[in-house]
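Engineer: Below are the chains, spelled out letter by letter.
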Amino acid sequence: MAVVKNWQLKRDMEYAYEESRPKRQWAIVFDLNKCIACQTCSLACKTTWTSGKGQEYMFWNNVETKPYGSYPLAWDVRVLEKLGKQEWKKNEPYYGKTIFEAADPEEKAVHFAPKDEDWMYPNIGEDDCAGTVVAGDHISLPHDKWFFYLPRTCAHCTYPACLAACPRKAIYKREEDGIVLIDQSRCKGYGECVRACPYKKSMYNTYTRVSEKCVGCYPAVEQGYQPMCVQNCIGKIRIMGFVNPPWKAREDNPVDYLVHKQGIALPYYPQLGLEPNIYYIPPIHADRSYLEQMFGPNVGTAIEKYKKLESDPIAKGLLVLMGSSDRILHRFDVVNGQATGYDEKGDTIVSVPVNEALIERPAFDAANGTIRGNTP
Amino acid sequence: MKKYSLALMVVVCGVFTAAPLKAEVVAKSVTANLSVYNKDESVWKGAKEEVVTLMLQPMVAPKPKVTTTEKVTVQAIHDGKWLVFRLRWSDPRRDEAGKLGEFSDAAAIMFPVNEGIPPPIFMGAKDNPVHIYHWRAQYQHDEEFGKKEMKDIYPNMSIDMYPMEFKDPGKVKGLTEEKREQYAQGKAAGNPQSYAKHAVDEILAEGFSTSAVIENVESYGKGHWANGEWVLILGRHMSREKGSNLAAGKETNLGFAIWQGSHDEVGSRKSVTMAWTPMKLEK
Chain V
1 MAVVKNWQLK
11 RDMEYAYEES
21 RPKRQWAIVF
31 DLNKCIACQT
41 CSLACKTTWT
51 SGKGQEYMFW
61 NNVETKPYGS
71 YPLAWDVRVL
81 EKLGKQEWKK
91 NEPYYGKTIF
101 EAADPEEKAV
111 HFAPKDEDWM
121 YPNIGEDDCA
131 GTVVAGDHIS
141 LPHDKWFFYL
151 PRTCAHCTYP
161 ACLAACPRKA
171 IYKREEDGIV
181 LIDQSRCKGY
191 GECVRACPYK
201 KSMYNTYTRV
211 SEKCVGCYPA
221 VEQGYQPMCV
231 QNCIGKIRIM
241 GFVNPPWKAR
251 EDNPVDYLVH
261 KQGIALPYYP
271 QLGLEPNIYY
281 IPPIHADRSY
291 LEQMFGPNVG
301 TAIEKYKKLE
311 SDPIAKGLLV
321 LMGSSDRILH
331 RFDVVNGQAT
341 GYDEKGDTIV
351 SVPVNEALIE
361 RPAFDAANGT
371 IRGNTP
Chain Z
1 MKKYSLALMV
11 VVCGVFTAAP
21 LKAEVVAKSV
31 TANLSVYNKD
41 ESVWKGAKEE
51 VVTLMLQPMV
61 APKPKVTTTE
71 KVTVQAIHDG
81 KWLVFRLRWS
91 DPRRDEAGKL
101 GEFSDAAAIM
111 FPVNEGIPPP
121 IFMGAKDNPV
131 HIYHWRAQYQ
141 HDEEFGKKEM
151 KDIYPNMSID
161 MYPMEFKDPG
171 KVKGLTEEKR
181 EQYAQGKAAG
191 NPQSYAKHAV
201 DEILAEGFST
211 SAVIENVESY
221 GKGHWANGEW
231 VLILGRHMSR
241 EKGSNLAAGK
251 ETNLGFAIWQ
261 GSHDEVGSRK
271 SVTMAWTPMK
281 LEK
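Just so you know, the protein sequences line up as chains V and Z, in that order. For the first sequence, the numbering used here gives the first residue as 1, with consecutive numbering after it. For the second sequence, the numbering used here gives the first residue as 1, with consecutive numbering after it.
Just chain V, same shape as in the assembly (with noise of 0.2 Å):
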């Protein structure tokens, strides 16, 4: 075991592995408030990686509602209790134990096995909500029955615990934009990188007989381009881009603008001490016990920061880039009300104003002779 830091529990922690941080780091901020799980970032990754045999079962991007969807079948909560209670300190650093160091000397993380009925309900839960609405119920802040949708990929982490458990040595993780990926040659199936994934992204192929994940549409990313499923996002909820740790974060940089500028997207379970790098920006009116379990202690901060928002013209603009370009933005400013992104080398890839003009047309339109509806 080698020690390495991990900036998201300000701590250093065991792994498998020494430290070796690629270049950049591809990352997904997701704005949980925005998010109506339509499933066209699941289709659009559907159709573009898994329609083939052995596939079936495949979503290397799901949504699924918490607390009660999860897929495979409770992930999560069958995950956290295996580590069992920790403690996480507001403003202080992780010191309960992550998957690595909780893990039996004769395993590299604390796991549990996902069978063939585990993946057999990718809808469980969907649209439940947490507590029984009764009669006279009404709508007060935050919610006291509630739910929320959560989008996943792979969170090409920075210590992944598939990687870490091949015992083959078949996974790893790319220099150029730490993409982590499974070589399709080399994998001979042995699922271990099934067991060992906490958010289980690792999937079996029965009929290829070796494992698959999310690869981050690697094709797409060389070029300059988001992933699909941020590509055909139609909430906008989504921006791709490259993620710094703190200490070499840049506050034109999109995705270090929300994760380190404002704090607003934060990393899911991080204590699990995979350093993963889809980000989330919590939703607001969900319960903050839940909240805190899967972001981190920080989740109230983060929502206060986020309800005001509306008052910071250079985050309002950034919110508005989100989905405004199938490029990846590498750099943004919001310059007197109109936001700018740009590609790697400078040159502006989209320009959008923070507040579309309000245009007023009278209702009669003269040109045509006729009376203008409201339906569009």
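The hints are simulated quantities; they were obtained by calculation from the structure and are not laboratory data. Careful: at least some of the hints might be erroneous.
[As the list claims (entries may be wrong)] Simulated restraints, written as ranges between beta carbons of each label pair:
| # | chain 1 | residue 1 | chain 2 | residue 2 | range |
| --- | --- | --- | --- | --- | --- |
| 1 | V | K236 | Z | G146 | 45 to 53 Å |
| 2 | V | K236 | Z | M161 | 31 to 39 Å |
| 3 | V | A113 | Z | E144 | 55 to 63 Å |
Quick caveat: nothing in here was measured; it's all calculated off a predicted structure. Ideal Cβ placement from N, Cα and C applies to all residues, glycine included.
Keeping the supplied structure of chain V fixed, place chain Z upon it in accordance with the hints.
Structural biologist: Just chain Z now, with coordinates in the frame of chain V:
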């Protein structure tokens, strides 16, 4: 505790001195043709039975928590060109995998490639490789009945269509198997695991995590499970240019590994011999 310290002693012997255990396998010379699977029971008449002790693989994680296969009974015969083993071990359930989360029963016999003092028993060492014959019930199924299709694994599954799988493939121009295989990544990458297998994989390794399948296979395997016991006949050609090269009258060493699918054993989760078992091939 006693059991544990004994196991530890065996580990120490295996690692530092490669000292053989006392069990010795003698491959009896026979006149029968062994170049193919010979189902004639009588060829085994007089072949010495040797019981070899196994324990859980203790060196690299992930590893098992309990020893599932404590012993394997070994017999060997040869006809001057082919060397054949008969292994027996108890396994309460027959597993040949297929569905998600299922693993196959399997067995392996390992030979040092170089002559002289054998390498560490743990899958060999750099420049001191081992030659492994790895049989899986799953691979045997491939050989006997063909590789399982999705409808064999999940008979009740329904699917609209797979890419490039048409009802009238003759009518579609330029439709090749290669194009279909693009949608099966393991196949597209040429991974032998993704194609129909011969019952026995031949593997060369120079230490943990280095095993690589050899393409030209000169071996066969046939396992039969009944009443909680596997009986496996595993034959190999004695002379292998780049692998372990044997001849009548020579001596070598053997390592064994057994996997029980019902205990989710696969890869490094297995029962193994902790020291080389010497073998003599009768003249």
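Engineer: For every hint, state whether the structure bears it out.
Structural biologist: Against the structure, the hints come out as follows:
1. Our hint of 45 to 53 Å for K236 (chain V) and G146 (chain Z) holds, since their Cβ atoms are close to 48 Å apart.
2. The hinted window of 31 to 39 Å between K236 (chain V) and M161 (chain Z) holds, with their beta carbons roughly 32 Å apart.
3. The supplied range of 55 to 63 Å is broken by A113 (chain V) and E144 (chain Z), whose beta-carbon atoms lie about 29 Å from each other.
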